[in-house]
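Chain residues, written in single-letter form:
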Amino acid sequence: MDSAASLGAAVKLRRLPLWLVPLYAAAAQAEPHYLIVAGLGGEPRYEERFAQQAQSLAEAARRTTGNAEQVEVLSGEDATQESVRAAFGRLAETLDSNDTLIVFLIGHGTFDGDDYKLNLKGRDLTGAELGELLESVPASAQLVMNATSASGAVLESWTTDGRTVITATRSGNERNATRFAEHFAAALSSGEADLDKNGLVSAQEAFDYASRKVADSYEAEGMLATEHPQIAGEGAQRFTVARLTARPTQTPELERLSARMAEIEGELEALRQRRSQMDPDAYLNELQALLLQLATVQQDIDRAQAALDESTED
Amino acid sequence: MKAFLPLLLVVLAPAAFGLTIEYGERPEPLAECDRLAYRGERSAASTCYQRLRAGDDLAIRAEAARALGDFRGANEAFREAVRQAPDDASLRARWGYLFLETHQANEAVQLFNEALERDPKHIGAKLGLASVAAGRFEDRAHGWLEEVLSADEDNLPALLLLARMDLEEGALDRAAARLDRAERIAEEQGHPPLEVYALKAALDLLNGNANSEWVGRALAYNPTYGEVYETVAHFYVITRRYREAIDLLQKAVELKPDLYSAHAELGVNLLRENRVVEAQRHLATAYQGDPYSPQIVNTLRLIDSFENFVVSTHEPAEGQPYDPGVILRLHESEAEVLEPYVLALARKSIETFTERYDFTLKEPVVVELYPEHDDFAVRTSGLPGIGLLGVTFGHLVAMDSPSGRAEGDFHWGTTLWHEMAHVFTLEATAHLVPRWFSEGVSVYEEWSTGPLPGRHLPIVFFEAMRDDQLLPIAELDRGFIRPTYQAQVVVSYMQAGLVCEYIAMRWGQEGLKSMLAQFAEGVETGDAVERALGIPAEQFDEEFAAHLETELGAVVDNLESWQQAQREAHQQADAANWPAALEAANRAIELFPDFVDEGSAYLIKAKAHEEAGDVEQAAATLADYRRRGGHDPTGLRALAKWRYEAGDVDEAVAVLEDVLLVAPLGEDVHAELGDRLLEVGRPEQALAEYQTYAALDPHDQANVHYRLARAYQALDDQARAREHLLYALEIAPHYREAQQMLLEIVR
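Chain order of the listed sequences is A and B.
With numbering that gives the first Met the number 0, you'll find the first sequence wraps up at 313, consecutive numbering, no jumps.
With numbering that gives the first Met the number 0, you'll find the second sequence wraps up at 746, consecutive numbering, no jumps.
Please keep in mind that the hints were generated in silico from the structure rather than gathered at the bench.
Any given hint could turn out to be false.
Unchecked claim - Part of the chain B face toward chain A, derived, beta carbon under 10 Å:
hint, residue
1, 351
2, 353
3, 402
4, 404
5, 405
6, 698
7, 701
8, 721
9, 727
10, 730
11, 734
12, 735
These figures come from a predicted structure and were not determined experimentally.
Cβ atoms here follow ideal geometry from the backbone N, Cα and C, with glycine treated the same way.
Full structure from sequences and hints, please.
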């Protein structure tokens, strides 16, 4: 690997986002409502692990929404089929079609060849019942991350228009306890997961990061992987699952700069679309010009935000 | 192994295998055909056996079919014969030999055992079991043969098998006596002397006479007896003289072109000499005649898999007269990542050993790393007591790749160092060096000049010391070739290493070189000790034992207390009771401070200090652990982090470089090491680390390009710095550090 040119050619296009979500446009979206369910562990080490994962996910969710009331957590003894049904009932009453729902399911799942079940205290909930509960919530944008064992069993049946589904396993036949939730939770506080470095971790980024880490962990131990995470449904990039930086404040000046930022991002995207038809040097020159503009606007935003923070502190 | 062939006998083999000499009673019609075969009248013998194969007697039909290589026919006839006479022990034993001939030892053992159930004194079944054990280099062969000889002291096949085992163990006088007796018995009983002659030729070879008269005598008896060369070649192979073995095996197949076992051996050994095309040709021929052999099939598959390997030839380094050049065969999936590290260490080892042993290699060294352990295992098939991680065939080193095992599972750098020392001891003695000395030097060099400091003695060695199981120096090879207890191969490695360490300590490096020179002359161990070191082997043993007692006696005396402290430390750590874990770990370390392998108490002690918030003590503990050769990658990475945080960046770099010798495929280590190298003003090395990081295809590609950009900037290569920076920002336009760097570059 001698030349930069050869590396440039090896830029992983598959890693580039399908589209660049404008930083400030994303901030303007309605904040999602979260339901996090951590089922029964069955033994202390799992109880502890699931509770800890639920807590990490909840912290990231609260950081992202800025509103703790939009995050409901049911964990361990508190996670029963009745309490889960009640939580969905509240969401069905509160949310409308403009809202976004994000559901995280952690714990043990089972699959008997026909039915998937999420293990809860008391009676379990089947895949079909959980599917109905998801349907009952009118939010048109839904993200479900089911990290339980055998979760792949519900991938197809839960995926519908407007709903993106992530599972820890490829099918119901991967029945060992999974590692996916641990890495998905880690993604929500990891700069490494934030591939486009916009300070936000999208569902797609979190999925890519966690999938990779799961595979690496089995490989490092010299073991065959017993879980193969899956994602189905369009637009996982539109769900912001974690905010790594402080929430921006909105002022007329910052709104103006944000708008300029969004314009440049649009131009960048347009340039990238034209890349294959361009001379490489010309492409890099144009890219540099736009990136410089973006960096300059970013600096202005940071300065304005810092001044604002300073005046607030005063 | 990749895949063994089906166990069923479904294919009709087209022609003869090696000549089988029958020493038991045979029905006269069969004996008549046998006599023709023994004399090399193959056409007449074949006609004779064909006639019998068409007869009514099932047992004779089976034997005739087997002699013709019609294994399916033989199998069917034996099955039917056994069905008709289920209590006939001899039939089952004979059927067992058929399975043995088609490489299905487990099935053969089952039949031999069934025969013994019906007749507990059955000689043929016991001989069969002894053959299986001897083929696996298992000591229990002796037990079966002793039983046979106590029932029949003139049993010729038992004597021959014992003589063969004696030869393999280097007990040449004993073998000679047995073979003289076997020769007399063969003459008295009217058996063909072919195998006796072949083993006598092997004995001559091991006594330094490669032009034995016994070869000519065997060929005078049977002009097509290519097996005589094959037998002698076996002893070249197990003493690692592959080139000489190849010459003899070529003679064997010239004399008897359908001697498929010789073609197979020839192919396997040509491959050990990196003569891939010729190897493939002979193995393909062998496969046509012997499609049952897992060794043939697996070696052919290994050769096929070479298309997935990248071969890179590195000419001798300029201005380095000792460097013969290095050829690497690495799997395409990891060649880019591993090549620089493997090449650098191989070259460093060549420089080190050239100087230490006053010997310059004359050919390039070939180093192969296999991500699949089974592929590596194919390379070592048929060799006794070979290490689990690496093997050296003269100028060719084959070993596991770190990717084939769990991260941190084995220290690839030490394995390569060990194998490279073999290249020198083998080549400096034209492969005449005894096994124990070659291993001893390799182990000693691991400890003294290798990338991992300190002795690494496993508990089984101390147990062997305690139980007085160490061997006299003159018999140390026996511990490798035919171990008598489970851990003896490992114990023998360690004993050999300690012997070489003792020689180097007492007689200096000159002592080791003098020993090597003696072995190059073909001198036996006992005489080599006397001539090189000036004391008889027996005196050496006594003084070495006293030295060991001084060095390691305390550990042996405290073994149980140490094991108790270890157990306690682990139990307390599992229970997160850190003060108690620390106390037990301290006790364990005090009793056995050099124990830094898996489960080392140093790691528990460091963790306990960390849990108590005493990072300084934790780092000091890990530094001590590392100094003694501890190499757990998680522990070392923690040490690197703490050293860095304490401002000792150079030390952090050194520790991270150690991590790469045990876990070279971790992305984060390369990135972190690159960062540290950049900080200490070593941008070229930093760039190399970042390039390896990029080759590992990490998740965060923007970060890869940003790091490369920084390294290029430090190297004042602004064009490449800009290019990588733009790639980083193309992927991640909001990457603040990259934005900042872009603004600086443009300004």
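Using the nearest Cβ pair, does residue 405 of chain B come within less than 10 Å of chain A? Check passed: Cβ of residue 405 of chain B comes within 4 Å of chain A, closer than 10 Å.
Classify the hint on residue 735 of chain B as holds or violated, based on whether any CB of chain A lies nearer than 10 Å to its CB. Holds: closest Cβ of chain A sits about 7 Å from residue 735 of chain B, inside 10 Å.
Residue 353 of chain B was flagged as interface toward chain A. Is the shortest Cβ-Cβ separation under 10 Å? Constraint on residue 353 of chain B not satisfied, violated at 30 Å.
Hint check, residue 404 of chain B versus chain A [nearest Cβ-Cβ separation less than 10 Å]: OK, holds: residue 404 of chain B within 10 Å of chain A, min 5 Å.
Less than 10 Å between beta-carbons is the criterion; does residue 701 of chain B satisfy it with respect to chain A? 6 Å, holds
Hint validity - residue 730 of chain B Cβ closer than 10 Å to any chain A Cβ: Holds. Min distance 6 Å.
Interface restraint verdict for residue 698 of chain B against chain A (beta-carbon cut-off 10 Å): 5 Å, holds
Next item in the hint list is residue 351 of chain B. Is there a CB on chain A closer than 10 Å to its CB? 29 Å, violated
Restraint check, 10 Å cut-off on beta carbons, for residue 402 of chain B near chain A: Status holds, d = 8 Å.
Chain A contact restraint on residue 734 of chain B - CB to CB distance below 10 Å: 4 Å, holds
How about residue 727 of chain B: closest beta carbon in chain A under 10 Å, or not? Result: holds, 9 Å to nearest chain A Cβ.
Residue hint residue 721 of chain B, partner chain A, criterion CB-CB below 10 Å: OK, holds: residue 721 of chain B within 10 Å of chain A, min 7 Å.
Of the numbered hints stated above, those contradicted by the structure are hints 1, 2, listed in ascending order.
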